[in-house]
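Undergrad: From first to last, the protein sequence lines are chains A and B. Each residue of the first sequence is one higher than the one before, counting from 1 in the working numbering. Each residue of the second sequence is one higher than the one before, counting from 1 in the working numbering.
Simulated from the structure, these hints should not be mistaken for lab results. Wrong hints could be hidden among the right ones.
As the list claims (entries may be wrong) - Pairs of lysine to aspartate or glutamate residues, derived as EDC-like cross-links and limited to a Cα-Cα distance of at most 16 Å, are as follows:
no., chain 1, residue 1, chain 2, residue 2
1, A, LYS201, B, ASP323
2, A, LYS266, B, ASP202
3, A, LYS108, A, ASP134
4, B, LYS54, B, GLU70
5, B, LYS267, A, ASP134
6, B, LYS267, A, GLU239
7, B, LYS206, A, ASP134
8, A, LYS266, B, GLU243
9, A, LYS266, B, ASP226
10, B, LYS85, B, GLU70
11, A, LYS202, B, GLU269
Values in this document were obtained by computation on a predicted structure and should not be read as measured data.
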Amino acid sequence: MSEKKAPLLEVKDLTVTFGTRKQKFVAVDGVSFSIQEGETFGLVGESGSGKTTIGRSIIRINPTSGGEILYKGQKINGPISRELDRELTRRIQMIFQDPMASLNERAKVDYIVSEGLYNCGRHLSEKERREEVDRALTDVGLLSEFASRFPHEFSGGQRQRIGIARALIMQPDFIIADEPISALDVSIRAQVLNLLAELQKKRGLTYLFIAHDLSVVRFISDRIAVIHKGVLVELAETEQLFARPLHPYTRALLFAIPLPDPAAEKNKQLLVYDPEMHDYSVDKPVWCEIEPGHFVLANEPELQEYRKILEG
Amino acid sequence: MEQEVILSVKDLEVKFNLRGRILHAIRGISLDLYKRESLAIVGESGSGKSVLVKTFMGLLDANGTITNGEILYDGKDLSKLKSEKEWLGVRGKEIAMVLQDPMTSLNPLKTIGYQVCEAIELHQGLKGAEAKAAAASILEDVGISDAQNRMHQYPHEFSGGMRQRVVIAIAVACKPKILICDEPTTALDVTIQAQILKLLKDLKDKYDLTTIYITHDLGVVANVADRIAVMYAGDIVEIGKCEEVFYNPRHPYTWALLSSLPQLGVKGENLYSIKGAPPNLFTHIEGDAFAPRNPRALKIDFVKRPPYFDVSPTHKARTWLLDPRAPRVDPPKIIRNLHREVSGHV
């Protein structure tokens, strides 16, 4: 990934809070990262860490309470013009986690896939709309005659493909995939991951790939950010992160990946991350670039420790 | 491993009647479960793995019937039990189950303590304060600290992992002999998953349990299973010790399952994926059920259903590839040196 390219999406010091003053809950706290055009950016964390909230802020479902989200250099959070809003709705699309819950049970696939077309003011004729639907379905590996069926007639993997077709028909540049495969069987996971990778190659898409499982993200991502309790703790290129994980939480996540190898599994020690292990009472942690492209959240003594790991 | 059989399934067949059409969910399964072992049953959704264990507890849906075979447990044939009353002696007391989704398997209107005590009062005959003390100690056992106070809380005050611990506590509270875990970690995060699997392993030793794990993810069971049974289309296609199935898999379906694990994926290359869809169980299946999706299928696979061939005394597989007359077919490269692949990867 060359450094010179302008980022497609930039998130600066993003903060999202829920609730009113008395019961305020900070879901995302000062998160910054940028996504280059054409790359896949993995966002990994446990449930409740705020990873989905970040995705939803980018697509403007959750209002932000601080910071900036820039898309192609243009601010897209907060009040924006109507034209920009319409433009962004088309350019940024989302794929949801549970294909059983995210499709309208009462609508036919034809309508589900083309619903976005009705709303983006492209004024297509019926014939053009049909063609678009056909193309989207074929692109995700479904037959065009499936358009006249209802979602319940499909298996989980096929439903997820319908969800992807629904996103693709808008011809987006940027897709937020929120745990697109965690509700699927292992054998189907491979199919959906391959499809996403293939579509990216063919259409030059950019992905924000949200997941809780590092092993899945590794296969598809160029860079990975690890988030814990609303704060990014580490960000690096995929192989860098796997070769030299620095933050203890990243290491705990790596150790939690189940290995398909009984001998290795039986010798494995379980690593549990305890946030208490950091002594941040005096020295507050900072988000710091410890080697080119590798960021970690740490305070001064920890940084020295991490540098030693990198050298040794 | 101790070879005392605790539960024995012979030639089991289960059929479902769906609006007049007959679905053949279990197609002749024979299986011995040994005392104190942990057996993992692995397969895709729709392969019949959940249906199989539901027959052990009399939990088949009303339209499902056992049409053939027997399930022997403690001298009784469970497949002959009819009334709820007969089942109550087995369910919970002898065989208990942990379900997939901890969000839905607890009653949201009752406190955690009440729900654990309920099981204890029913099955151990303890009352009042005694039952409460027993519940607290079981909750401590499953790793819920400060159990005395947390007993008064409701399920919504617990996180997903903690709720699954409560469900496990309820299952164990009945002091069962066999614990069935139906996808115990599918709804949980990876970090929590590792903790729950460790907990189940510890409990198994502590309470002297025989455990059955059901999962679709072969990666998860490497750590917990002594034996693995791979199911496809209502049939066990391969069964063997954990190491045998991982390091020397023989059935093409097991190969396919192993190869499609994302842990083995290489960036920039396609992950292996199984082509096609599982067979339609409404129709009679000729030959090997996996043959249409198997790129290495032999001609005979489409004609005649393969018998079990023994690989070792503990390992057998249902594929014609093991017949002495079959041509030599090697497993895919990626899983041939699984141990090296994995250690090179992480």
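Undergrad: Run every hint past the structure and note whether it holds.
TA: Now for the hints, and whether the structure bears them out:
Distance restraint check for LYS201 of chain A and ASP323 of chain B: the Cα-Cα separation of roughly 43 Å exceeds the 16 Å cut-off, and the hinted pair is therefore not satisfied. Straight-line distance between C-alpha atoms of LYS266 of chain A and ASP202 of chain B comes to about 13 Å, which keeps the hinted pair within the 16 Å bound. Note on LYS108 of chain A and ASP134 of chain A: the hinted pairing holds, with a Cα-Cα distance of about 14 Å set against a maximum of 16 Å. Annotation: proposed proximity of LYS54 of chain B to GLU70 of chain B holds, straight-line Cα distance about 14 Å (limit 16 Å).
Restraint check for LYS267 of chain B and ASP134 of chain A: the C-alpha separation of about 30 Å exceeds 16 Å, so the hint is violated. Under the criterion of a C-alpha separation no larger than 16 Å, the hint pairing LYS267 of chain B with GLU239 of chain A is consistent with the structure, at around 10 Å. Distance restraint check for LYS206 of chain B and ASP134 of chain A: the Cα-Cα separation of roughly 58 Å exceeds the 16 Å cut-off, and the hinted pair is therefore not satisfied. Under the criterion of a C-alpha separation no larger than 16 Å, the hint pairing LYS266 of chain A with GLU243 of chain B is consistent with the structure, at around 11 Å.
Straight-line distance between C-alpha atoms of LYS266 of chain A and ASP226 of chain B comes to about 11 Å, which keeps the hinted pair within the 16 Å bound. At most 16 Å may separate the alpha-carbon atoms for a hinted pair to count; LYS85 of chain B and GLU70 of chain B exceed this at roughly 20 Å. With a C-alpha separation of about 15 Å, the suggested pair LYS202 of chain A and GLU269 of chain B falls inside the 16 Å cut-off, and the hint holds.
Violated hints, in rising order: 1, 5, 7 and 10; the structure is consistent with all others.
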